[in-house]
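Chemist: Listed here are the chains, written in short residue letters.
Protein chains: 2
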Amino acid sequence: MTVVKAYAATSPTSGLTPTTLERREPGAHDVEIAIEFCGLCHSDVHATRGEWGGNTYPLTPGHEIVGTVSRVGSDVSKFAVGDKVGVGCMVDSCRECEACEEGLEQYCENGNVGTYGAKDPRQNGEITQGGYSESVVVNENYVLRVPTNLDPAAVAPLLCAGITTYSPLRHFDVEPGDVVGVVGLGGLGHMAVKIAKAMGAEVKVFTTSAAKVEAAKELGADEVILSKDEQSMKSAGRSIDVIIDTVAAPHDLDPYFRTLRLDGALFQLGLPSSAMPPVNPGTLIRRRLAYAGSLIGGIEETQEMLDFCAEHGVVSDIEMVTAEQINEAYDRMVAGDVKYRFVLDTSTL
Amino acid sequence: MTVVKAYAATSPTSGLTPTTLERREPGAHDVEIAIEFCGLCHSDVHATRGEWGGNTYPLTPGHEIVGTVSRVGSDVSKFAVGDKVGVGCMVDSCRECEACEEGLEQYCENGNVGTYGAKDPRQNGEITQGGYSESVVVNENYVLRVPTNLDPAAVAPLLCAGITTYSPLRHFDVEPGDVVGVVGLGGLGHMAVKIAKAMGAEVKVFTTSAAKVEAAKELGADEVILSKDEQSMKSAGRSIDVIIDTVAAPHDLDPYFRTLRLDGALFQLGLPSSAMPPVNPGTLIRRRLAYAGSLIGGIEETQEMLDFCAEHGVVSDIEMVTAEQINEAYDRMVAGDVKYRFVLDTSTL
Chain A
1 MTVVKAYAAT SPTSGLTPTT LERREPGAHD VEIAIEFCGL CHSDVHATRG EWGGNTYPLT
61 PGHEIVGTVS RVGSDVSKFA VGDKVGVGCM VDSCRECEAC EEGLEQYCEN GNVGTYGAKD
121 PRQNGEITQG GYSESVVVNE NYVLRVPTNL DPAAVAPLLC AGITTYSPLR HFDVEPGDVV
181 GVVGLGGLGH MAVKIAKAMG AEVKVFTTSA AKVEAAKELG ADEVILSKDE QSMKSAGRSI
241 DVIIDTVAAP HDLDPYFRTL RLDGALFQLG LPSSAMPPVN PGTLIRRRLA YAGSLIGGIE
301 ETQEMLDFCA EHGVVSDIEM VTAEQINEAY DRMVAGDVKY RFVLDTSTL
Chain G
1001 MTVVKAYAAT SPTSGLTPTT LERREPGAHD VEIAIEFCGL CHSDVHATRG EWGGNTYPLT
1061 PGHEIVGTVS RVGSDVSKFA VGDKVGVGCM VDSCRECEAC EEGLEQYCEN GNVGTYGAKD
1121 PRQNGEITQG GYSESVVVNE NYVLRVPTNL DPAAVAPLLC AGITTYSPLR HFDVEPGDVV
1181 GVVGLGGLGH MAVKIAKAMG AEVKVFTTSA AKVEAAKELG ADEVILSKDE QSMKSAGRSI
1241 DVIIDTVAAP HDLDPYFRTL RLDGALFQLG LPSSAMPPVN PGTLIRRRLA YAGSLIGGIE
1301 ETQEMLDFCA EHGVVSDIEM VTAEQINEAY DRMVAGDVKY RFVLDTSTL
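Note that the protein sequences, when read in sequence, are chains A and G. The working numbering puts the first residue of the first sequence at 1, with every later residue one more than the last. The working numbering puts the first residue of the second sequence at 1001, with every later residue one more than the last.
Chain A on its own, in the form it takes in the complex (with noise of 0.2 Å):
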């Protein structure tokens, strides 16, 4: 066992203070990963501050991890000492059912092993332990390996913001000729834009408010909607073949609905807290849309999308923050104030 500086919830008023883990000893098959950043996510706010319910204390957050392979278990293949590594949202899975076997871990019928706050049954129910902290040991079959043409600060926030937005636009097979659409520029919003012009899609950003219509277009944005202004909407009536919608608060979707063609579909990837309004099926029925959601991405699917983005020179835009600027960063989050991802500097636990 070894014993490594962390931040931790310990109730879900307390903010994150500092503390230390125990890690297990590299069982054979898993791998040590000496952390070097790690993204901070949306979710870790919620999950600290006990918004989502179920949690245990203390919590140390954190499922966007890259850092270096510092000791690998006797029967590891895939990974050697010194290879420069991520951990996204999950850990483990339990391996055997069909979502499982057909690399769709995300979607394990047993439930996967979420990288914090999760009980993990491999380790005795041992509740697991997130990113904002100096190491991690996870099964290999668990871990990426991160491109090393990219900057791996940048790169932590694909392990989640990434590839919940990569993977529906694989799934909707985008691809040149295709427009797709993205409400809400946050982490997931930023990201669906660059991942989407990086498949060659033309892309369509919604927006509230006027003030960000530079920065979608800095980001790639080829349109800027104002989705409150309801010529612009009617403008893009029909025009998009598949929208991200990365907005986590209830609003309603009949007017994003209008603007896709015949067989479009909206992924919705972000989770109100609250009801939603109703879904008009009559405005589905009339052009054969689909109202549908999405996961993260499996393992392979994951490797895929880090892969792709080494090739096309994607990563997230990042504000780095030390540990001390953690409880700062996320009342920031949550005012919307941070373009686009907060990455924690781990050397500074």
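Calculated from the structure, these hints are not laboratory results. Note that CB positions come from ideal geometry on N, CA and C, so glycine has one too. Errors might be hidden in some of the hints.
Claimed, not checked - Have a look at the derived ranges for each label pair, beta carbon to beta carbon:
#, chain 1, residue 1, chain 2, residue 2, range
1, G, L1226, A, K234, 40 to 50 Å
2, A, G103, G, K1228, 34 to 44 Å
3, A, A28, G, E1214, 51 to 61 Å
4, G, V1045, A, Q231, 29 to 39 Å
5, A, G15, G, L1226, 47 to 57 Å
6, A, G15, G, D1222, 54 to 64 Å
7, A, A335, G, T1013, 55 to 65 Å
8, G, E1304, A, Q231, 40 to 50 Å
9, A, K234, G, R1238, 34 to 44 Å
10, A, G103, G, S1274, 37 to 47 Å
As the list claims (entries may be wrong) - With a straight-line Cα cutoff of 30 Å, these simulated DSS-like cross-link-like pairs (lysine-lysine) come out:
#, chain 1, residue 1, chain 2, residue 2
11, A, K217, A, K339
12, G, K1234, A, K234
13, A, K119, G, K1119
Said to hold, decoys possible - Example chain A residues on the side facing chain G (calculated, C-beta under 8 Å, incomplete):
#, residue
14, L262
15, Q268
16, P277
17, P278
18, V279
19, P281
20, I285
21, R286
22, R287
23, R288
24, Y291
25, A292
26, S294
27, L295
28, I299
Chain A is fixed; fit chain G onto it per the hints.
Modeler: Chain G alone, transformed into the frame defined by chain A:
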């Protein structure tokens, strides 16, 4: 011009009464059809009673038409006098938009021309009149060939109820080994059961009423699930690939979504007149589900459906009515008292 006997509503409260209609002389590409049978669709009730708004009276409904070609225009190549033919929910479309060019005329970007109650741009904006009449004149490209091995009266409902359920099942690529769920056992639902079975699927019917269990099994259902019984619904969890939901009243979809497997889809075909309860995006996200719509089918696909039904001996279960019984039949439809479709014998007009 030919004057023919028909039944029409003269106001939302008039009911259907005897009248006459003028049918145009067949143009070069037109087919004149001596109507023999016309299905009574729930849409006919909504339209004649003004429940969907925007109607012009007098209105002769009927869009499940089967008859025999009585005259053809000079340039008609697809049909000859004496052919058994059908007409479904549309009699024309713009023929130029992307949807029309792809054979998806039902999604015509300029609006398909409904078989009744629609302005027909190629006939000086005249309002179309439907199949509760002795004859109809339709462009040959919107006429279907009725397989001669099937009972023509029982074929009539295939032109709306049949294609409306066939199209989403085909769109989802249902094949042997798939599990299809059917919600609601009316005109559409009973066709969904028969067609899904003919496609080789295992079929599970959801019903609120224990009294319908036997009827569902007689139609071919492999399993009947009492949707109000929590334990039954739980047992059906994660067991279905695609659900055809034909219920046109507001109902909570979440319990049905939970019966879907990973990548499952629920097609809602019924159009409630008031809002549906909200959809929980979390349920969609956790299994990459889709909530989708679908509208009848294109002309080519409708012909494919008729040929498929001929091959598999699929027709509608019908109860024949005379013209005088139409109003009573409407009341029985509203009360759900029909197994499963009324068909008008037009010789009684």
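Chemist: Hint by hint, note whether the structure agrees.
Modeler: Hints and how they fare:
1. G:L1226 x A:K234: 40 to 50 Å: Roughly 45 Å apart at Cβ, these two residues keep to the hinted range, so it holds.
2. A:G103 x G:K1228: 34 to 44 Å: holds (38 Å)
3. A:A28 x G:E1214: 51 to 61 Å: Between A28 of chain A and E1214 of chain G, where Cβ atoms are some 58 Å apart, the hint holds.
4. G:V1045 x A:Q231: 29 to 39 Å: holds (38 Å)
5. A:G15 x G:L1226: 47 to 57 Å: Holds, since G15 of chain A and L1226 of chain G (Cβ atoms, about 50 Å apart) stay within the stated range.
6. A:G15 x G:D1222: 54 to 64 Å: For G15 of chain A and D1222 of chain G the Cβ distance comes to about 56 Å; the hint holds.
7. A:A335 x G:T1013: 55 to 65 Å: holds (57 Å)
8. G:E1304 x A:Q231: 40 to 50 Å: This hint holds: roughly 41 Å between Cβ atoms.
9. A:K234 x G:R1238: 34 to 44 Å: Since K234 of chain A and R1238 of chain G have Cβ atoms about 41 Å apart, the given range 34 to 44 Å holds.
10. A:G103 x G:S1274: 37 to 47 Å: holds (43 Å)
11. A:K217 x A:K339: holds (14 Å)
12. G:K1234 x A:K234: violated (43 Å)
13. A:K119 x G:K1119: Outside the cut-off at roughly 63 Å; violated.
14. L262: Holds: closest Cβ of chain G sits about 5 Å from L262 of chain A, inside 8 Å.
15. Q268: holds (4 Å)
16. P277: holds (7 Å)
17. P278: Hint holds; P278 of chain A Cβ to chain G Cβ min 4 Å, cut 8 Å.
18. V279: holds (5 Å)
19. P281: Cβ of P281 of chain A sits 4 Å from chain G, so the hint holds.
20. I285: holds (3 Å)
21. R286: Since the shortest Cβ distance to chain G is 6 Å, the answer is holds.
22. R287: holds (6 Å)
23. R288: holds (5 Å)
24. Y291: holds (4 Å)
25. A292: Since the shortest Cβ distance to chain G is 4 Å, the answer is holds.
26. S294: holds (5 Å)
27. L295: Holds, about 5 Å.
28. I299: Check failed: Cβ of I299 of chain A comes no nearer than 16 Å to chain G, outside 8 Å.
Checked against the numbered hints listed earlier, the structure breaks hints 12, 13 and 28; every other hint is satisfied.
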